[in-house]
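These protein sequence lines map, in sequence, to chains A and B.
For the first sequence, this note's numbering begins at 1 and goes up steadily by one.
For the second sequence, this note's numbering begins at 1001 and goes up steadily by one.
By construction, these hints were calculated from the structure, which means they are not laboratory data.
By construction, the Cβ of each residue, glycine as well, lies at the ideal position given by its N, Cα and C atoms.
Heads up, a few of these hints could be off.
Stated by the list, open to error - Output of the computed footprint for chain B on chain A, the stretches with three or more beta carbons under 8 angstroms from beta carbons of chain B: (1) 83-97; (2) 101-110; (3) 114-123.
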Amino acid sequence: MLTAEDISISFGGVPALQGVSVTLERGQIRGVIGPNGSGKSTLFNCLTGFIRPDTGTVAIDGRDISTAAPHERITLGIGRTFQTPRFDPKADVWQALACGFYPATARSITASALRLPSARRAERRVETGVGELLERFNLTAQADQPVGELPLGTVRLVEVARAMATSPGFLLLDEPAAGLTEDEQQLLAGQITALAQADIGVLLVEHNFDLVVGLSDEITVLANGTCLVEGLPGDVAADSRVRSVYLGLDAEEAVDGERERQVWADDDPARD
Amino acid sequence: MPEVLQRLAARQTTALLLILGVAVYTVFFAAVPARLDLSISTAVYALLALSVALIYGQAGVLSVAQAGFAAVGAYATAILTTRWDIPPLISLFAAILLPALLGFLLSRVVGSLSHLSLAVATLVFGEIVTIVLREGGTLTGGYVGLSGIPGLAFAPDLLAYHLLAWGVVIVVVILCSNLITTTRGRAYQTIGHDPLRAEADGINVPKSTALLFGCSAGLAGLAGWLYAHYMTFLAPESLPASLSITVVLMVVVGGRRHIAGAIVGTILLVALQNAMPTEESQGLLYGAVLVLVLIAAPDGLVGLVNWWRDRRRRAARPIIPEPTAQEV
Chain A
1 MLTAEDISIS FGGVPALQGV SVTLERGQIR GVIGPNGSGK STLFNCLTGF
51 IRPDTGTVAI DGRDISTAAP HERITLGIGR TFQTPRFDPK ADVWQALACG
101 FYPATARSIT ASALRLPSAR RAERRVETGV GELLERFNLT AQADQPVGEL
151 PLGTVRLVEV ARAMATSPGF LLLDEPAAGL TEDEQQLLAG QITALAQADI
201 GVLLVEHNFD LVVGLSDEIT VLANGTCLVE GLPGDVAADS RVRSVYLGLD
251 AEEAVDGERE RQVWADDDPA RD
Chain B
1001 MPEVLQRLAA RQTTALLLIL GVAVYTVFFA AVPARLDLSI STAVYALLAL
1051 SVALIYGQAG VLSVAQAGFA AVGAYATAIL TTRWDIPPLI SLFAAILLPA
1101 LLGFLLSRVV GSLSHLSLAV ATLVFGEIVT IVLREGGTLT GGYVGLSGIP
1151 GLAFAPDLLA YHLLAWGVVI VVVILCSNLI TTTRGRAYQT IGHDPLRAEA
1201 DGINVPKSTA LLFGCSAGLA GLAGWLYAHY MTFLAPESLP ASLSITVVLM
1251 VVVGGRRHIA GAIVGTILLV ALQNAMPTEE SQGLLYGAVL VLVLIAAPDG
1301 LVGLVNWWRD RRRRAARPII PEPTAQEV
């Protein structure tokens, strides 16, 4: 179980997160939603170690990993993707996936340069590993295509596959559906469900309300750096506070809601 | 041809072509001292260029200190062989390890700087090396430098030294080509492209970069060792900071992402340099070649050749559907 407990952090005196806790169990899909500036990305970065919170702890199965650097958390079993896919556009899909095998198959510079037996064995492991990933994510046909020439939906799949190379227990996806077409979203949703069935805990930080409600086992709603609601998708979608903050439907807070919606609409990638 | 050999040949194309080239050159110019002399200094340049191709071409860290590391290696072997009569083959270790250690430490100290600041820091480091060598008193010979560095007993004449120098280059090319096609090498390519992405692959970026920087500096030290025992004389300005910039140019012109780029760039610029009448016109030449290449082939000459080959190969394949505007 991946847990973040009582996370607080402020940037230049402005609190970004105040006492937020979130848990992710293996085989579970948890959605984290909230309007822009609610602290979703900050929470994501605290979990992956790219930001160190002021207070609070992050732990895997009770083991405190709060002080572990980002690259150490990868080897501890937390895979991640980036909101804007980061990849070398000239590298092909095979190479992109091969990079994901670093923790298991990197040998020393000397062993690699001399191509010692250990390095040769490691390369064979990479080859079989990449082959399996390509098949699992239906990417075999694109294996030798440069990532920069693929549609965004396929690039996201490649990113997910690359994060899966280390066989992480937990996979954190930063806005995986942003900019995808309806069909691509469906394809990605299918893959995410398959990952959860393979006993991987998936954390979805997403803008797309419908996708999160459709996929998640549980949803955490953030607002202004605090946890507003936590619960089952149906309950969350029906919650008046969520509707107020997120969808701006509450009559009493019509003015605030309208502003929220405006901010929201400006930031909605689907409308770009 | 068995698959293993095919893969080997594909990986080591550069080394194979280089062996062929050196063989042809040797057959033609074995009896021409001036040509052999030119070839030996080209090999020293090539080693320095390869050291840049490793750290800049792979990990994206622009080092303008390579001549400084070469000077450290050259002085290390010169001091050990002239003052303590240590055999050159033993002092070779010092000539590689001392700059490697300095490179590792330098990278750990300045590694977190932005690209440009880092390049400036390495340039300053190179200048500091020159100053230390000049002010080093009797140990480094001060302004006068060190003379009477022994030659290599196993490479007594020009022809043998030419073969030795290029033999070293070929071994280094083989090792580099091995490295860049492994997980470790791909990790460096990821660091060079995007350090944040590399972190997400589980790579300890500062430590990995410092280790490669150490290797690159050690390689420059090896070039210095070859230089010192060939020239048998060293002065603080023998391996000046401007040489660091020249070898970076060679790598950029040849194509920094490719091991072959370092070799192609070195040979091209040395050939052009020799065709120029005066030394003053060299600056003009370097500037002109660099601008031309950056405009016509940002990935260098080898990059241009590869792009051409890929395009022809792709033309023979079914067309990939273009992503629609919505997808982009």
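Going through the hints against the structure:
Counting residues of the stretch 83-97 of chain A whose CB falls under 8 angstroms from any CB of chain B gives 5; the rule of at least 3 is met. With 8 residues bearing a CB less than 8 angstroms from a CB of chain B, the stretch 101-110 of chain A meets the requirement of three and the coverage assertion stands. Under a criterion of three residues with beta carbons nearer than 8 angstroms to beta carbons of chain B, the stated coverage of the stretch 114-123 of chain A is upheld, 5 such residues being counted.
The structure shown violates none of the earlier numbered hints.
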